[in-house]
Amino acid sequence: MGFSTPIAITMTNCASIEPILSTENLRVEYAALSGSAGNSREPKVALKGLSLSVYRGEVFGFLGPNGAGKTTTMNVLLGFTSATSGKASLFGTDVRQPISRQRIGYLPELTYYYKFLTAEELLRFYAKIFNIPKAQREERIRQVLHRVDLEHAARRPIRTYSKGMQQRIGIAQALINDPDLLILDEPTSGLDPVGRMEVRHLIQRLKQEGKTVFFSSHELGEVETVCDRVGILAQGELKALGPVQELLAPGERSLEQAFLRIIGYQAQEETLCKKSPLSLAS
Amino acid sequence: MQKISAVAGVVILEMIRRKDVYVLFFLTALITLVLGSVDLFGDAKIARYLKEVCLTLMWMSSVIIAVFTAARQIPVERESRTLFPLLAKPITRSEVMLGKFLGCWLACCISLAAFYLLFALISGIREQHWPLANYFQAFWLHCLFSGIVVALTLLGSVWFTAVSSNATIVLSCVVGMLLLGRHLHKVAVKAGGIAGHFLDGLYFSLPHLEWFDVRDLIIHNWPRMDWTIVGQDTLYACAYAGCFLALACWRFRRQPIH
Amino acid sequence: MSSSAKAPPPTSSPVPLLGIAGLLLTVSLLTALRLHPVHYEIQARRPDADDLLARLLGDGRRLFANHFYVKADAYFHSGFYPTIFDDRQSHQTAHIAEDAGLAEGKNTGDEEQFLGTVANWVDGHGRNHFPSVHTHLDNDAPEAAGGAEREILPWLTLSSKLDPNLVENYSVGAFWLRKLGKYAEAEHFVRKGLEANPGNPELLFELGRCRLDLKDTLRARNIWEMAWEAWKKRDGSKDAAEQNRFTVNQILMHLALAEFRLHKQEDCLRWLEVAVPLSVSPEAIRKRISEVKAGQPFEAIDPPNAAGEASDHDHDHSAHDHGHDHPHPPAAKP
Ligand SMILES: Nc1ncnc2c1ncn2[C@@H]1O[C@H](COP(=O)(O)OP(=O)(O)O)[C@@H](O)[C@H]1O
Ligand SMILES: [Mg+2]
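Protein chains in written order, with this note's numbering: chain A, 1 to 282; chain B, 1 to 258; chain C, 1 to 334.
None of these hints come from the bench; they were simulated from the model.
Cβ coordinates follow ideal geometry from the N, Cα and C atoms, glycine included.
Misleading hints may appear alongside valid ones.
Here are the simulated DSSO-like pairs of lysine-lysine, each with C-alpha atoms no more than 30 Å apart in a straight line [said to hold, decoys possible]:
#, chain 1, residue 1, chain 2, residue 2
1, B, K45, A, K134
2, C, K232, B, K45
3, C, K215, C, K238
4, C, K238, C, K182
A few chain A residues that face chain B, going by a derived Cβ cut-off under 8 Å, partial list only [stated by the list, open to error]:
#, residue
5, G57
6, L78
7, G79
8, T81
To give an idea of the interface, some chain C residues facing chain B are shown, with a C-beta separation under 8 Å as derived from the structure [stated by the list, open to error]:
#, residue
9, F85
10, A119
11, V122
12, G126
13, N128
14, R150
15, L177
16, F260
17, E291
18, G295
Excised from the complex, chain A in its bound form (with noise of 0.2 Å):
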């Protein structure tokens, strides 16, 4: 499999870019969970010497089945984890630094926001920890209200948010302080078509307004539609990475195909091919 370099993506100015995210060499173990039976004794190794960069202004699908270590990726790069090993950066600077944060989106999987707040007095919250002058704020406000389409439940309590609106109001506080880096995980999981589309959508915008997006995925379909360039981590190894038409095997139509072969998925397959005469025939 071939690991392509940025400068055969889509931009071909970008070659003395310094990548906007980075990591190295970037080992995560974590301690053993004394209630596991069997292994106890040994820590779980959830990535395994990932290095990753992503350059200013693409869209980067970061692809793996549940449990790869995407989101412990995420993780480090946001400085909730400590990496055992290696290093991490955003903009250059050290993901241990709190300003690293200062340029950068992020939206969590799966969270509840606090539910006693309005839409409104969330987005103000997160707007005075990026320190946004009291000028600039409430219009920002607005504008990011606008964005994912909340205006109408601006005042209401998030408590009484539905699982589309509580998505929503997570993209909108990601995009609170303008970021140039967006890192999304999961963003389309457990919202249904419409909503998915309409993240892809977001997803475009951001590109086209020259911002960079980093979000994490296994919804294969929208990933081929939106992104420049993916990465395929299976068991905290980085398989594959590069445009999604580089990592299609001859003969591969789909990015599915090319994701169950890279993450070793295929062997299984293809036992099932030779016993079946159907496969055979065609």
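Please build the complex by placing chains B and C with the ligands on the supplied structure of chain A, with the hints as guidance.
Coordinates of chains B and C with the ligands only, in the frame set by chain A:
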């Protein structure tokens, strides 16, 4: 500072929008008023029992408010995962912790102010006498007490995972210190030996929360305390709250969030 | 991420409620510890209930009743009161009862010394935060002489409701009510006590004092005679050591006083003669007899043990460790 006050603001908003504090306040008011309406030998000037009941309920309420407000903060943020979007912003964990402390402490002070107004009203009507400086001293010492308790509870909340175990441990420590703190030294002298040294160690190292409880002085209309003593108490409370907070920040900073 | 991520957002848990219940329990238990019952002898005098359940319930109520009786005494001291950790040699009887002439003073040592000398800076600084000076509401309290004694009444009422057989509540309450000029309320309160404890000599004695204050000396004398009969029935049969001689001396001395006021000197002397063998300090009574014979006025009534105990006290407060019918002059603090 803006970051800290933003975090604190959310804590205060939460207290205002939750019903717990109102329940405690109205219970205190109700019980006091009902007891105040009891006829005692036709003497309407009897006031101290009422002051004692009111202050005791206030103290219980304040301990409950302080412990349960502070104990919830970090664990609930973890559980509802709001800690993730928050810490993904340019804010340090120490700032989050300090904001939580400030918010909980101010929330306690606000509710205490309401409680003391109620108390001043009731006792003033009964006694026709408003020693406001004395009440202010009691209120301020009570606020300082809440500060130590909040800091201790926050420290507990980054140490123990379950809210209930943290709250139970802190509650028993606080109540134990309030009731026994003054006597630990005497017990230590009686016990002697290693146990005596241990108790004396506790006596000299634990914060003497009972100092901040000047209920008896207020109930029995003792003269106002010397302000220098209040000043010393303030420094003492700041020192302990500061230690607990520093430990809490240190622990919280090193903790993985997942 | 982890399974907790899928859990619904935390809703309000039963923890606060449990916490509140636990706190209430701890507080009540530990306050009971703080104001430890001093008056053990009170418990011993109570008749035994036959039913076990009633007894268990009764004992709980009595514990609380006793607690509130002690609380009344703590109020009499404006909150200055020994705990189980303090030196309680100097506080074995409730001063509310002692000052009311209803109980014998058994205190040894100085009340100022509950806390001992300042042990260290924590102790020293701590003493600024609670009442650490011995005072009595009726003379040297921060707010004495304003009728502040009324403040002990709620606790006596509560205690009497919890345990109607704790007669001290009624007699002490009536005494302080009389001092506040509430004679009718005082008499009513004692009569309530007598309903629950018919023929109790202590209560009859206090009832007589109510009548005496209302200048009804004749009725007072008759009631005290009843009290004397009741005492003979109850204590007269016991060994000298078990008898409550303090009560009987108070009764007899007041009988003598009443007769004196009724200008019956013969009867007055007769009662004093009866008192001599029952008194702890017969000398004082003999002296009194000779005084009456010499035609001197019969006014102040000292409890019989006053002479014997006065030497133990060289302190200002020694004066009110003993029964007095009259308010003390405000004592200067040392
Ligand atoms: N807090 C944790 N403690 C122990 N193991 C964890 C923890 N969080 C995640 N893991 C493990 O690390 C691996 C990667 O998890 P994660 O990054 O959440 O995967 P995903 O790609 O689905 O986001 C999984 O095997 C998971 O079980
Ligand atoms: Mg994940």
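If any of the earlier hints don't hold here, list their numbers in rising order. 1, 2, 3, 4, 5, 16, 17 and 18
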